[in-house]
Amino acid sequence: MKRIIKTLISVSLVVAMAITVVGCGKKTPDPLDGKDIVVYSGDYVYKDAVVQLSSNWNPHTYQTTDQSYPIDFITSGLYSFYYNDELHPIEGKKPYEGYVILPEMAASLPVDVTEQIKALDNNKYGIPEDITSGYAYTIDLNPDAVWENGTPITAETYVYSMKQLLDPKMNNYRASDYYQGTFTIANGAKYFFQGTTNCADTMGEIAFEDLVKGEDGNYYAKDGDPIYLAVDFALDWLQGDTLKTYVDYYGDASFSLKYWDELAAAADEDGLIPLNDDTYAKFSDVTTGNANWGETVADVCNYFVKKTVYEDNYSFDNVGIFASDTYQITLVFGKSLAGFNLLYNLSGNWIVYQPYYDELKTQIEGTDAWTTTYATSLKTTMSYGPYKMTAFQADKAMTFERNETWYGYKDGKHVFVDPEDPEHVYPMYQTTKIETQVVAEPADRKLMFLKGQLMGYGLQAEDFDEYRSSDYCYVTPSETIFFFIFNGYMDAIKNREANESFDQSKYDLETMTLTSFRKAVAVTYDKEALCSAVSPSRSGGYGLIGNSYLYDPETGSRYRDTEQAKKVLCDFYSVDVSKYDSLDDAVASITGYDPVVAKELYKQAFDEALAAGYITDNDKDGKCDQIISIEYASSAHSAFMEKTLNYLNEKMAEVLVGTPFEGKIQFAESAPLGDAWSDNIRNGLSDTVLGGWSGSALDPFSVTDCYANPSRQYDAKWFDSTKTQLTITIDGKELTTSLKNWSDALNGDTVTIDGKDYNFGDGMVDVNTRLDILAAIEGAVLQTYDYIPMLQDAGMSLLSQQVYYVIEDYNPVMGRGGITYLRYNYDEAAWAEYVASQEDGKLSY
Amino acid sequence: MTKYILQRILLMLMTLLIITCMCFILIRMLPLPELPIGDPRSVVIEKQREAFGYNKPYLVQFGIFLKNVFTKFNWGISDKLYFGQNVADIFVQKLPATIIVNLYSIILSIPLGIMLGIFAALKKNTWIDHTISTLTMVVISVPSFVYAFLIQYILCFKLGWFPLLMNSGTNYFSWDMFLSMVPAVLSLSFGVIAGFTRTTRAELTEVLTSEFMLLARTKGLTRRQATIRHALKNCMVVILPSIFGEFIGIMGGSLIIERIFSIPGVGALYLNSINAPDYNMFLLITVFYCVIGLLASIIVDISYGFIDPRIRMGSRK
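Protein chains in written order, with numbering that gives the first Met the number 0: chain L, 0 to 844; chain A, 0 to 316.
The set of hints was computed from the structure by calculation and includes no laboratory data.
It cannot be assumed that every hint is accurate.
Claimed, not checked - DSSO-like mimics (lysine-lysine), calculated; alpha carbons at most 27 Å apart, straight line:
1) L:K305 x L:K123
2) A:K218 x A:K232
3) L:K505 x L:K619
4) A:K55 x L:K189
5) L:K334 x L:K493
6) L:K334 x L:K598
7) L:K493 x L:K619
8) L:K450 x L:K518
9) L:K450 x A:K79
10) L:K212 x L:K305
11) A:K46 x L:K162
12) L:K518 x L:K432
13) L:K123 x L:K92
14) A:K232 x A:K123
15) L:K378 x A:K71
16) L:K841 x L:K450
17) L:K305 x A:K46
18) L:K189 x L:K221
19) L:K505 x L:K650
20) L:K306 x A:K46
21) L:K168 x A:K55
22) L:K162 x A:K55
23) L:K305 x L:K189
24) L:K46 x L:K432
25) L:K168 x A:K79
26) L:K360 x A:K79
27) L:K168 x A:K122
28) A:K157 x L:K46
29) L:K518 x L:K505
30) L:K306 x L:K722
31) A:K46 x L:K360
32) A:K71 x L:K168
33) L:K360 x A:K232
34) L:K378 x A:K79
35) L:K360 x A:K71
36) L:K841 x A:K157
All of these numbers come straight from a predicted model, not from anything done at the bench.
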């Protein structure tokens, strides 16, 4: 019966769409305007080098950018981004100033069918009652899309692949991309977690007053899930520790232990006890009965854990994807998704080749878990993009060649007008072959590049002087801001100072926790000079959110260019805007470097540290007796690290002349910590590092999570974002809530402020309101001085003379066009001749 | 002799078992790499570990390990570098490149080293001997990766005689592939050549002054005949064992050379398995090197009997 209903609805959707298409249809003008498409001849080989070669490019399990490297060549998304040119014009924009999103593996743009899907099976996908759009779409598939062996790619391929992706037995890393976050397939989580119980730290988001008391006397969340108290359950805000760990360590020095043994004994295997009036009262006594722990009853909600029991044997029929025709899929989402974000999320793909996938997945002996070797070698890979893999040698090389079965080579749509030669239309993907090999050493990469054996070379510090002004040198901006994180975790600092090997008469760690000290450090360094000295491709960093972030990808508007973002910088650097002609001039005046103010602040820090007993001045000479030792968390010793620390110490020494700290502040490199550097910073075991966050350059709003979510914050152990209140004026009304709540609300969660629900997520409020909130959060975090912005990341590289970019300006969405638009000056034969004709066969850049 | 060889093989197997057991237990005693919280792969790795008996006593774990190795040649699944793939498969893929580069190096360096040593010994205290001895000392004192960079820069980049890196692919016996391996082979060989030159010169110089050499000359043999028939044969008692020792040394030295010349071999895999860490891979390669070492040792011991009949194998007297 279900199948009949599904079929009927599918047919009705197809008919509805057909009518729509016929109704709207009109003869489209010939986009080529009579121009011929140029036909390439010759071999064009793109020669690339990587430090590490992918060992797994399974679209369901890849994790790193190294691993996703082949995916860009051998797959296609449902929609693709292309430059706007004469063939794909955008009104009001010059060619190559923007981009268009066009169907790729899809045949047309998605059609919203939310209303129709809501009517299906008593709204089994759970679309909210009052919602009429944005939750369900049909997507017509490109019937010419086939696997490299010619097997058609149909709607069933998409459905099968999604089923494998969300299969709980497979434990796929990429599954979460589809059951949570922006692109949430309806009921995907229920299928993935079927038969399990998920215990989730509520992060203080649910107050006791928000709970509902059940008939059994226990408390439940509004959605009916039971709430528990975390006795021995790892909590994010405790950085993965449990309350029991703290109680065992501090005992009655910090807690009231009257009911502790009783509560600990009652904890289940997850370390939880059900929340009811009795347990709430006893638990509150433990955490609030001793003032040394510093919590009140209002903080007990930080220990709430929500248990969700997922139904066993959950049917995939309930998951929001089905084939509504041979070449049409219907997607149903758990959250509203529309416009740019919908198409952007569909620019990737999840399909796998069924015969290989079925053959390659194997059960791990003696367990109920499965694993797969799909897409880990040439034999286990099936391509469907512009290129197909033709050779693979683990840790050595991989080769891709044109996939002649790819529809794009024949459909006449994958063409563009080269601004250098507007009279002709050129096919995309001029490259006929891509040869990628592992070249671990930068020195080798440079030699190979100069011999014409590589298409690009990322400049190293020692190369900048020679090549930075080359015509072939390109700067590629990055979204990351590198900032100093300063240790403020007093417990850890005191523990380190208490260590026998630490001589408190000679060294001090506590002074660095003073705001005046950090303010002084913030204006000690000329950031542009620092970049020139240690990493010339980068530039000075002034805010927490980098220059590349676009808040509106459709218009290409950058967050840093907004009035809100500029005001944040002026406030933080104490620039009086009224003294300048414009806000832009005021921002332009910011250098972040003021040695005079720095000296005053160091004097202030000295007085405060002396008063607090952190340091001494026994001989009363007005100089600090101790050295303020700042341990720099080094992942691995390198020339860059050495150069950076030398520079920091040298410039610090210059500024400190004549201050009480003259010769008394030093950065010292830690032992190589590898990946543990971040844990050391979080736990206060090292004192500083130049760290940063990278994320989607198209979503600056999500960056706030890195600074306001205790599970991600570097400073979570000494800065509680759940308790730090921030007031922002929204629509003329002052709203006050925690920093974390603001961040969550900005990223689509509903939070309660003054008894009213607010959601400031994408599409929920106007973008200016979102920018106001983003800027306010950035300002609030900057004012903690836990993070001192130093460098704006960027890369600088040389491009081979064999090729050129059709457009040299960098576009955050399109980059410089990638392999799609890359044009060649020489084919392989001509290039070999050209290189041989150079002196010593060495190219000059 | 046969009995002795069998005894040595059994002894070797027992030694291998003990070494493997020690390595296995020491590796299992290491703290397991922490699994990322929230990563669904963590669940898979935990279940794999459970299946391999990680929660059981070490000897039980070792029993499970031996059973898997001997019944299915299953050395475990990679849980870091090549997640979910059989470590033995990866290892076997990478073995040929390492073996071939090392074999070429041995084929080049041993005859050359011995010849230079003979030449220096025969020309003892002449300028030829002094030149060879000085160069030998210089080469021995400098690590092989230094030559590697020099060879790469001069022969590959400046002169363009060879590719900068080893070619990709598995056609190891093609001319292009051979050419691409030459820089790595040379880098590995310099030290070995110098070592053999020094050893051969020292041994031969001593033997040439022996009384039996005087006897050989007096009974009418030419200098060449006496050197080849008597002096060299006596030298081999010392030189031959060092050939096998050098083989192990080259395998160790190739860890760095493989990285410099991008050789997809076991050396780089060994380093990566330590850094990752990928314990199953690490154990497999460790056992591999043990096997090579033990085999070399047994071959050396057996070869004594053939080189010098005065050395009696297995004799109790």
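Hints, verified against the model:
Between L:K305 and L:K123 the CA atoms are separated by roughly 24 Å; this keeps the pair inside 27 Å, and the hint holds. Distance hint between A:K218 and A:K232 is fulfilled; the C-alpha atoms sit about 18 Å from each other, no more than 27 Å. For the hint pairing L:K505 with L:K619, the CA-to-CA distance comes to about 16 Å; that is within 27 Å, so the pair holds. Restraint check for A:K55 and L:K189: not satisfied, since their Cα atoms lie roughly 34 Å apart, outside the 27 Å limit.
Of the pairs offered as hints, the one joining L:K334 and L:K493 is violated, with about 47 Å between alpha carbons and a cut-off of 27 Å exceeded. A C-alpha spacing of about 53 Å is found between L:K334 and L:K598, which places the hinted pair above 27 Å, so the restraint is violated. Our distance criterion of 27 Å between C-alpha atoms is met by L:K493 and L:K619, whose separation comes to about 25 Å. Between L:K450 and L:K518 the alpha-carbon distance is near 49 Å, which puts this suggested pair outside the 27 Å criterion.
For the proposed pair L:K450 and A:K79, the alpha carbon gap of about 35 Å is over 27 Å, so the pair is violated. This hinted pair checks out: L:K212 and L:K305 have alpha carbons roughly 14 Å apart, not beyond 27 Å. A hinted pair counts as satisfied when its Cα atoms are at most 27 Å apart, and A:K46 with L:K162 qualifies at roughly 22 Å. Between L:K518 and L:K432 the alpha-carbon distance is near 54 Å, which puts this suggested pair outside the 27 Å criterion.
For the given pair, L:K123 sits about 44 Å from L:K92 by alpha-carbon distance, which is inconsistent with the 27 Å threshold. The straight-line distance between the Cα atoms of A:K232 and A:K123 is roughly 19 Å, inside the 27 Å bound, and the hint therefore holds. A threshold of 27 Å between alpha carbons decides the hint, and for L:K378 with A:K71 the separation of about 23 Å falls inside it, so the pair holds. With a CA separation close to 5 Å, the supplied pair L:K841 and L:K450 stays within the 27 Å bound.
Between L:K305 and A:K46 the CA atoms are separated by roughly 26 Å; this keeps the pair inside 27 Å, and the hint holds. At roughly 18 Å between alpha-carbon atoms, L:K189 and L:K221 fall within 27 Å of each other, so this suggested pair holds. Distance check on the hinted pair: L:K505 and L:K650 sit about 22 Å apart at the alpha-carbon level, within 27 Å; holds. For the given pair, L:K306 sits about 23 Å from A:K46 by alpha-carbon distance, which is consistent with the 27 Å threshold.
Simply put, L:K168 and A:K55 have alpha-carbon atoms about 25 Å apart, close enough for the 27 Å limit, and the pair holds. Distance check on the hinted pair: L:K162 and A:K55 sit about 36 Å apart at the alpha-carbon level, beyond 27 Å; violated. Of the pairs offered as hints, the one joining L:K305 and L:K189 holds, with about 16 Å between alpha carbons and a cut-off of 27 Å not exceeded. Of the pairs offered as hints, the one joining L:K46 and L:K432 holds, with about 9 Å between alpha carbons and a cut-off of 27 Å not exceeded.
In summary, the hint linking L:K168 to A:K79 is supported, as the alpha carbons are separated by about 20 Å, within the 27 Å threshold. A C-alpha spacing of about 18 Å is found between L:K360 and A:K79, which places the hinted pair at or below 27 Å, so the restraint holds. For the suggested pair L:K168 and A:K122, the alpha carbons sit about 74 Å apart, so the restraint of at most 27 Å is broken. A distance of roughly 21 Å separates the Cα atoms of A:K157 and L:K46; the hinted pair therefore holds under the 27 Å criterion.
Restraint check: the Cα-Cα separation between L:K518 and L:K505 comes to about 24 Å, which is no more than 27 Å; the hinted pair holds. Our distance criterion of 27 Å between C-alpha atoms is met by L:K306 and L:K722, whose separation comes to about 24 Å. Between A:K46 and L:K360 the alpha-carbon distance is near 16 Å, which keeps this suggested pair within the 27 Å criterion. Straight-line distance between C-alpha atoms of A:K71 and L:K168 comes to about 24 Å, which keeps the hinted pair within the 27 Å bound.
At roughly 59 Å between alpha-carbon atoms, L:K360 and A:K232 are farther apart than 27 Å, so this suggested pair is violated. Distance restraint check for L:K378 and A:K79: the Cα-Cα separation of roughly 21 Å lies within the 27 Å cut-off, and the hinted pair is therefore satisfied. The suggested pairing of L:K360 with A:K71 holds, with an alpha-carbon distance near 19 Å, which does not exceed 27 Å. Under the criterion of a C-alpha separation no larger than 27 Å, the hint pairing L:K841 with A:K157 is consistent with the structure, at around 9 Å.
Going down the numbered hints, you'll see the structure goes against 4, 5, 6, 8, 9, 12, 13, 22, 27, 33, while the others check out.
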